[in-house]
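Chains as they are written, first to last, in our numbering: chain A, 1 to 307; chain B, 1 to 264.
Honestly, the hints are just simulated from the structure, not real lab data. Warning: the hint list may mix true and false statements.
Said to hold, decoys possible - Just the calculated beta-carbon pair ranges, DEER-fashion: (1) B:Tyr182 with A:Glu119: 47 to 57 Å; (2) B:Asn185 with A:Ser17: 48 to 58 Å; (3) A:Arg213 with B:Ala5: 44 to 54 Å; (4) A:Leu298 with B:Ala5: 39 to 49 Å; (5) A:Ser17 with B:Asp9: 42 to 52 Å; (6) B:Glu32 with A:Ser14: 52 to 62 Å; (7) B:Arg206 with A:Ser14: 27 to 37 Å; (8) A:Glu112 with B:Leu10: 16 to 26 Å; (9) A:Asp168 with B:Leu211: 36 to 46 Å; (10) A:Val9 with B:Glu32: 23 to 33 Å; (11) B:Ala176 with A:Arg213: 50 to 60 Å.
As the list claims (entries may be wrong) - Sample of chain A residues facing chain B (criterion: CB under 7 Å; computed from the structure): (12) Phe26; (13) Ser45; (14) Val54; (15) Val57; (16) Gln85; (17) Asp92.
From the three backbone atoms N, C-alpha and C, an ideal C-beta is built for every residue, glycine too.
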Amino acid sequence: MQQYPVEAVGLVKSFGSFRAVDGVSFNVLDGECFGILGPNGAGKSTTIKMISCVSPVTAGELRVAGMNVRKQARDVKSVLGIVPQEDNLDPDLSVRQNLAVYARYYGIPKHEALAGIEESLALFQLSERADARVDDLSGGMKRRLVIARALVHAPQILVLDEPTTGLDPQARHLVWQKLRLLKNRGVTMLLTTHYMDEAAHLCDRLVIVHRGRILTEGKPLALISEHAGDQVLELRMDAHERAPLLGEVQGIPGVAVEEVEDIVYVFGAPRATREIAEHVNDPSRAFLRPGNLEDVFLRLTGRGLLD
Amino acid sequence: MSAFAVRPDLSIGAWRVWQRHRDVLLQLWKSEFVAQLVEPVIVIFALGLGLGQFVQLASGEKYVEFLTPGLLAMFPMFAAVFECSWGSYVRLEMQGTYRAIMATPVSVDDIITGELLWGTTRSMMNGAYILLVAVALNPWYHMVDSPLAILIIPLSVVPGLLFSAISLCFASVARAMSQFSYFFNLVINPMFWFGGAFFPLEDLPRWAQVLGWFIPLTHVVNLYRGLIEGELALGHLGNLAWLLVVTAVFYWLALVGMRRRLIE
C-alpha cells in the first residue's frame with residue numbers, strides 16, 4: 001500500500017449535532033502543494049486541526065506519514081510544520097529567540113538549531129531584523145517568521161491555514177514567492193485558503209469544500225475548464241434586455257449562462273464566448289476574460305444556476 | 001484521551017515550556033522584578049513596625065515577629081497567583097502561546113505542567129527573597145528564630161504548586177480578563193485576610209477556626225510558623241499532608257479545565 005503524506009478517508013468532525021466536517025476523503029501526494037478551498041465556515045480549519053492533532057477526529061480515518069493521528073499525536077506533530085491563521089509569536093522575544101524557543105519544543109540540540117535559524121532568517125529575508133522584538137515587525141514580516149518557525153525542525157509536511165489572510169498585496173506576493181521556493185525544494189504542502197488566486201498560484205491539486213463536504217477535486221486548470229469554461233463573458237444588462245440573448249445562447253453546446261443581479265455570466269470555449277461578445281451592441285458593457293477558480297467556486301457553491 | 005484522565009500525558013516538553021517562560025522573564029526582568037523586591041519591604045515597615053507599635057499579642061512577641069511566617073506565605077502566594085491567573089490567561093487568549101506550543105510535540109498536559117512549574121518557580125524566588133530580607137533584619141527584629149527556617153525554601157514548592165494550580169483552574173474557565181476581579185476579590189482576598197497571616201486564628205470563634213481550616217494559606221502559615229520558631233509538632237505534618245492532597249486535586253482540576261478549553 002502506498003503511504004501518503006496525508007490520507008483522509010470519510011473524515012468527520014462533529015460539534016454536538018453540527019457536522020463541521022462531514023465525510024471528507026483526500027490524499028496529499030509527496031512533494032505537491034495540495035489546497036483546501038472553501039468559504040469561511042466550510043470546515044477547512046477544522047480539518048487542519050484534526051491533521052495537526054489538536055482536535056480529536058469524530059469518525060473516519062486520518063493518517064499523516066502513515067501514522068494514525070488518534071494514537072501517535074506526538075509523532076505526527078513532530079513531522080508537521082504548522083502555520084496557523086493567527087500570528088501567535090512570542091511578542092516579548094526577539095525574532096531569533098522565537099525560532100530558538102520553538103526549535104527547543106522539538107528537542108533540537110541548540111548548536112544545530114542555531115545554524116538552521118541563521119539560514120532560515122536569510123531565506124525569509126529577516127536577517128537584518130533578527131534581534132528586533134516581534135512587536136516591531138510588519139504584518140508581512142510576522143507572517144514570514146511564522147512560516148520560518150514552522151520549518152525549524154525540517155518537517156515532512158508544511159501545513160498552512162490561510163497563510164496570507166490580512167496581508168497587503170506586496171507582503172502577499174513575497175509570501176507566495178517564498179512558498180513557491182519551498183515547493184521547488186520539494187517540501188510537501190497542505191494549504192487552506194479562501195483566496196482563489198492564491199490557490200491558482202500555489203496549488204498543484206485542490207479540493208473545494210462547502211458545508212463540510214468536498215464538492216470537487218482536481219488540478220486548478222482542469223477544474224476551471226470543466227466547471228467554468230476557458231473563457232468567461234461578463235455582460236452588464238438589465239432584465240428586459242436579456243431575454244433575446246438568453247434564448248440565442250441556450251442552444252449552443254458547451255456554453256453555460258448564469259444570472260447574478262445585474263450581470264449575466266456566459267461560460268464557455270473561447271470562440272463561442274467571443275462570438276457572443278461581438279453580438280452585444282454596446283461593447284463597454286461586455287467584458288471577456290479567462291475563467292478562474294473563483295468562477296468554479298461560485299458556480300459550485302451555488303447562486304441561481306441556469307444551464 | 002479523556003479530558004478527565006487522571007494520569008497526565010507528560011514529557012520533557014513540560015520543561016521546555018518552563019524554559020520558554022524563563023527566557024521571557026530574562027527579557028522583561030527590569031519591569032518584573034522591581035515591584036516584587038520593593039513591596040515586601042514596604043509591608044514589613046508599614047505593618048510590622050508601623051502598625052505593630054499598637055498591637056499587643058497574648059504571646060508577648062512583637063507583631064513584626066508574628067507577621068513573618070504570614071509574609072513568607074502571602075507574597076509567594078501572590079507571585080504564583082499573578083503568574084498563573086493573569087499571566088496564564090494572557091498566554092492562553094491574548095498571545096496564543098498555548099496554541100503555538102500545541103502544534104509541536106509538546107502536549108496540553110506538558111503545557112499546563114510547565115505553567116505550574118513556572119508559577120512555582122516565581123513563588124519560590126519570591127519566598128527566598130523575603131526570607132533573606134527577614135534574616136538580614138534579624139539583628140534588629142527577631143523575625144527568624146530557628147535555622148529550620150531554611151527548610152521553607154524547599155518546602156515552598158508545595159504552596160507554589162497549589163496556588164499556581166488554583167489560579168490556572170480559574171484561568172481555564174475565565175472568558176474575559178475582567179472576570180479575574182471575581183477570583184481576586186472572592187478567592188484570593190479572603191485567603192489573604194483570613195489565612196492566619198495577620199492575626200492568630202486561635203482567638204477567633206470556633207466557626208471561624210473551622211472556616212480557616214479550609215483555607216490553604218492557613219496551613220502554609222502554620223507550617224512556616226513552626227519552622228521559623230523552631231517548634232515543630234505532629235500537627236505540622238498534618239498541614240503538609242493537607243497541602244499535598246489539595247495540591248494534587250487542583251493539579252488534576254487544572255489539567256481537566258485546560259484540556260476542555262484547548263482541545264476542541
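Hints, verified against the model:
The given range of 47 to 57 Å is respected by Tyr182 (chain B) and Glu119 (chain A), whose C-beta atoms sit roughly 49 Å from each other. Against the hinted window of 48 to 58 Å, the Cβ-Cβ separation of Asn185 (chain B) and Ser17 (chain A) comes to about 39 Å, which falls outside the hint. Range check, Arg213 (chain A) to Ala5 (chain B): about 33 Å between beta-carbon atoms, so the 44 to 54 Å window is missed. Between Leu298 (chain A) and Ala5 (chain B), the C-beta spacing of about 46 Å keeps the proposed range 39 to 49 Å intact.
The given range of 42 to 52 Å is broken by Ser17 (chain A) and Asp9 (chain B), whose C-beta atoms sit roughly 29 Å from each other. Separation of Glu32 (chain B) from Ser14 (chain A) is about 44 Å and departs from the stated range, judged on CB atoms against 52 to 62 Å. The hinted range of 27 to 37 Å is not satisfied by Arg206 (chain B) and Ser14 (chain A), whose Cβ atoms lie roughly 54 Å apart. Restraint check, Glu112 (chain A) to Leu10 (chain B): a C-beta distance of roughly 25 Å satisfies the suggested window 16 to 26 Å.
Taken as a hint, the range 36 to 46 Å is violated for the pair Asp168 (chain A) and Leu211 (chain B), whose Cβ atoms sit roughly 60 Å apart. Taking 23 to 33 Å as the suggested C-beta distance range, the pair Val9 (chain A) and Glu32 (chain B) does not conform, at roughly 50 Å. One distance hint, 50 to 60 Å for the beta-carbon pair Ala176 (chain B) and Arg213 (chain A), is violated here, with the actual separation near 35 Å. At a threshold of 7 Å, the smallest CB-CB gap from Phe26 (chain A) to chain B is about 21 Å, leaving the interface hint violated.
For the restraint placing Ser45 (chain A) at the interface with chain B, the shortest Cβ-Cβ distance is roughly 10 Å, beyond the 7 Å limit, so the hint is violated. Given the 7 Å rule on beta carbons, the hint for Val54 (chain A) holds: about 5 Å separates it from the nearest Cβ of chain B. A cut of 7 Å between beta carbons decides the hint on Val57 (chain A): the least distance to chain B is about 12 Å, and the hint is violated. Interface restraint check: Gln85 (chain A) against chain B, minimum CB-CB distance 10 Å, threshold 7 Å, status violated.
The beta carbon of Asp92 (chain A) comes within 5 Å of a beta carbon in chain B, closer than 7 Å, and the hint placing it at the interface holds.
Against the hints set out earlier in the document, violations occur for numbers 2, 3, 5, 6, 7, 9, 10, 11, 12, 13, 15, 16.
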